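Undergrad: Here are the chains, one letter per residue:
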Amino acid sequence: MASQTRRQLLTALGLAGGTAALYQAMTVMGHAADSRFSGPPALSGARKGSKVLVLGAGLAGMLAAYELRKAGYSVRILEYQDRPGGRNWTLRGGDRVVEMGTPVQKVEFSPGNYINPGPWRIPYHHRALLHYCKQFGVALEPFIQLNYNAFVQSAEAFGGKPMRYRDVACDFTGVVAELLAKSIDGHTLDQELTPDDRAQLKEAMRGWGLLDENLRYTSSVHTSTRRGWEKRPGGGPDGAPVPSHLLDRHELFKPGMWQSLAFFMNYEMQTTMFQPVGGVDMIGKGFARQVADLITMHARVTRIAQDPHGVRVTWEHTASGKVSEETADWCVCTIPLSVLSQIDVQVAPAMKAAIGAVPYTSHIKMGLEFKRRFWEQDDDIYGGISFTSGEISQVSYPSYGYHSSGPGVLLGAYTKNMAGLDIAGMSPAERIETGLAQGSVLHPQYRKEFSNGASVAWSRIPWSLGCCAIWSEESRRQHYRTLTEMDGRIVLAGEHASYLGCWQEGAILSSLDAITRLHKRAQEA
Amino acid sequence: MNSHILRALVIAGLAAFPVAALADSPGAGGERKSDMQSGAEVYRHVCQACHMADGKGGKGAAVIPALAGNPKLAISAYPAGVVLNGFGAMPWFNGTLSPEQIANVINYVRTHFGNSYADTLSADDVKAMAGPVPHVTH
Numbered sequence: 001m002a003s004q005t006r007r008q009l010l011t012a013l014g015l016a017g018g019t020a021a022l023y024q025a026m027t028v029m030g031h032a033a034d035s036r037f038s039g040p041p042a043l044s045g046a047r048k049g050s051k052v053l054v055l056g057a058g059l060a061g062m063l064a065a066y067e068l069r070k071a072g073y074s075v076r077i078l079e080y081q082d083r084p085g086g087r088n089w090t091l092r093g094g095d096r097v098v099e100m101g102t103p104v105q106k107v108e109f110s111p112g113n114y115i116n117p118g119p120w121r122i123p124y125h126h127r128a129l130l131h132y133c134k135q136f137g138v139a140l141e142p143f144i145q146l147n148y149n150a151f152v153q154s155a156e157a158f159g160g161k162p163m164r165y166r167d168v169a170c171d172f173t174g175v176v177a178e179l180l181a182k183s184i185d186g187h188t189l190d191q192e193l194t195p196d197d198r199a200q201l202k203e204a205m206r207g208w209g210l211l212d213e214n215l216r217y218t219s220s221v222h223t224s225t226r227r228g229w230e231k232r233p234g235g236g237p238d239g240a241p242v243p244s245h246l247l248d249r250h251e252l253f254k255p256g257m258w259q260s261l262a263f264f265m266n267y268e269m270q271t272t273m274f275q276p277v278g279g280v281d282m283i284g285k286g287f288a289r290q291v292a293d294l295i296t297m298h299a300r301v302t303r304i305a306q307d308p309h310g311v312r313v314t315w316e317h318t319a320s321g322k323v324s325e326e327t328a329d330w331c332v333c334t335i336p337l338s339v340l341s342q343i344d345v346q347v348a349p350a351m352k353a354a355i356g357a358v359p360y361t362s363h364i365k366m367g368l369e370f371k372r373r374f375w376e377q378d379d380d381i382y383g384g385i386s387f388t389s390g391e392i393s394q395v396s397y398p399s400y401g402y403h404s405s406g407p408g409v410l411l412g413a414y415t416k417n418m419a420g421l422d423i424a425g426m427s428p429a430e431r432i433e434t435g436l437a438q439g440s441v442l443h444p445q446y447r448k449e450f451s452n453g454a455s456v457a458w459s460r461i462p463w464s465l466g467c468c469a470i471w472s473e474e475s476r477r478q479h480y481r482t483l484t485e486m487d488g489r490i491v492l493a494g495e496h497a498s499y500l501g502c503w504q505e506g507a508i509l510s511s512l513d514a515i516t517r518l519h520k521r522a523q524e525a
Numbered sequence: 001m002n003s004h005i006l007r008a009l010v011i012a013g014l015a016a017f018p019v020a021a022l023a024d025s026p027g028a029g030g031e032r033k034s035d036m037q038s039g040a041e042v043y044r045h046v047c048q049a050c051h052m053a054d055g056k057g058g059k060g061a062a063v064i065p066a067l068a069g070n071p072k073l074a075i076s077a078y079p080a081g082v083v084l085n086g087f088g089a090m091p092w093f094n095g096t097l098s099p100e101q102i103a104n105v106i107n108y109v110r111t112h113f114g115n116s117y118a119d120t121l122s123a124d125d126v127k128a129m130a131g132p133v134p135h136v137t138h
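Residue numbers (my numbering), protein chains in the order written: chain A, 1 to 525; chain B, 1 to 138.
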């Protein structure tokens, strides 16, 4: 349909059937289908003097405060830490990592180097977060997600030797194409496919898998145009390329191999991926610029009470120990459930049960600084991720500062579950040693080039006791709706109150939804 | 990851299968090999992450309960239920740790960190308490 005609049709539909009909039509036509965000909420006309207390100055809390103040509410934020941003956090040289029960780590990275212990990447379809990054002046750059030249390593495949992602992806595709083409020729798919289908699919497998005229996937100039060369094309009389050898196909079927291919097919993992320039906390700082005057730091909430007329929150100053009370008409509580489940909150029993029913992940991230960027200089790896079956799970290379000659910091571990718990129980030095030992399998340069490192074990972080809410099918069914509904004058918000858990977008969407309902309730009250 | 561990993880729904992931995730890679047997090993590689090497827990915006001298350990079914089903921020380990591992670590905790309970818990006791394993979705 020509765009002019389509626009005319949509306009006509919008006039005739209202927004819902317009939205439905746009969805069918492929617009607006993949986002819950169609612009910031247009809240206005709050009752004069009406007050909202926001608990937590992470992204959900700061956004709630920003939008509600705009709508006319009087807003105050209480925050436990001495900085806004919450889990939106960046570690640079001079910063300290304070965990419960772990000696304090001082980060020694060189100027310009950093790691993001929490969120670090933004998929292109996280439209709400992208909207506010733009609005608050947070500059973004590409986050290199998929790098064909990074490594895939599993102790169970290829004798534990790291393979290039490109070789694994290319050979897996070729072998699968060959097998499928053979089954077509062997008439095993005659029931499923028409003769036309079979002919076309066979041609597709030949082209997609780079098969030869006998439908075989072999080492050749043809396959090397995808998987790379034994000797790359050059200039002059001896410039002819030499084809590369294929990997042992039996090893390709081992889980560590195909799982790495499937990882990047995940909707949330598809490119384009972004990161804030200079560290993810540029987002938190961007949000904080809007609401800094509303935030009280060092405030540990100890009680959240309510009656039909308002909320009353008791909090203790973490430095002075002074106990205060704050009253408001409404409360947006973004405190992680890991912490909130231990606070005396006056809500209905079902809500109380929901708050206590959601455990948190034990993610680990580790930053390692090396004297030089050997992954670029020696291995031709510029950004991206290498996977390993070691507990560290992956090594991610910086998507900034390419070709700089000074020291570089890579993400030396990003892991969770049992591996996360194991590493969390180690001393800082043992964690680094684990990162070096397991990372050396991918990069033998590790030991020689290592300079310093720091790690974050989320289960020991005193202000969150974990990284992300863990939902199960069972707990979603039993508790999710209750958790997200307003309980009197209190509404919860954060990644835990979304279906996009462990993403900043989930926190943003949850916050926007919560304040929209709060505003509606306040207008009706 | 060898195949029986993989199978156990699949059953537990905890294998980080990328095809099912909604959350930001490290991918399929590292899982600690579940070759821990003794209670001391399980404690060191799992529980110590939060309850600390000395069993004294931690305190921040909220508390990680101490296991040292904790009267709730008096009846072994209580800690067994917590380990199987989780509690607050603590995830469930039903399906992640075997009944043997759970029994061993509870017997270990109840006889260390200043605790000295004489009775022991068996893997069968734990098995009898275990319900269906929840399915992780995030």
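Misleading hints may appear alongside valid ones.
These stretches of chain A come out as covered by chain B in the derived footprint (C-beta under 8 angstroms, 3 or more residues) [as the list claims (entries may be wrong)]:
no.	region
1	46-54
2	304-312
3	320-333
4	380-394
5	466-474
6	507-519
Only some residues are given here: those of chain B computed to face chain A with a beta carbon under 8 angstroms [claimed, not checked]:
no.	residue
7	G27
8	G81
9	V82
10	G86
11	K127
Hints were generated in silico from the structure; no laboratory data involved.
Source: prediction; values computed, not measured.
Positions of the beta carbon are idealized from the N, C-alpha and C atoms, including for glycine.
Undergrad: Does each hint hold? Answer for all of them.
TA: Here's how the hints hold up against the structure:
1. Chain B is given as covering the region 46-54 of chain A, and this is violated because 0 residues of the stretch bring a CB closer than 8 angstroms to a CB of that chain, at least three being needed.
2. With 0 residues having a beta carbon nearer than 8 angstroms to a beta carbon of chain B, the region 304-312 of chain A misses the requirement of three or more and the stated coverage is violated.
3. For the region 320-333 of chain A, the assignment as covered by chain B is violated, since 0 residues bring a beta-carbon within under 8 angstroms of that chain's beta-carbons and 3 are needed.
4. Given a C-beta distance limit of less than 8 angstroms, the hint that chain B covers the region 380-394 of chain A holds, as 9 residues qualify and 3 suffice.
5. Counting residues of the region 466-474 of chain A whose C-beta sits closer than 8 angstroms to any C-beta of chain B gives 8, which meets the bar of three, so the coverage hint holds.
6. Chain B is given as covering the region 507-519 of chain A, and this is violated because 0 residues of the stretch bring a CB closer than 8 angstroms to a CB of that chain, at least three being needed.
7. Because the closest C-beta pair between G27/B and chain A is about 5 angstroms apart, less than 8 angstroms, the hint holds.
8. Interface restraint check for G81/B: the shortest CB-CB distance to chain A comes to about 14 angstroms, outside 8 angstroms, so the restraint is violated.
9. Proximity of V82/B to chain A is violated relative to the hint, the smallest CB-CB distance being about 11 angstroms (cut-off 8 angstroms).
10. At its closest, the beta carbon of G86/B sits 5 angstroms from a beta carbon of chain A; the interface hint therefore holds under the 8 angstroms criterion.
11. The interface hint given for K127/B is broken, as the beta carbon of that residue sits about 20 angstroms from the closest beta carbon of chain A, more than 8 angstroms.
Consistency note: the structure conflicts with the earlier hints numbered 1, 2, 3, 6, 8, 9 and 11.
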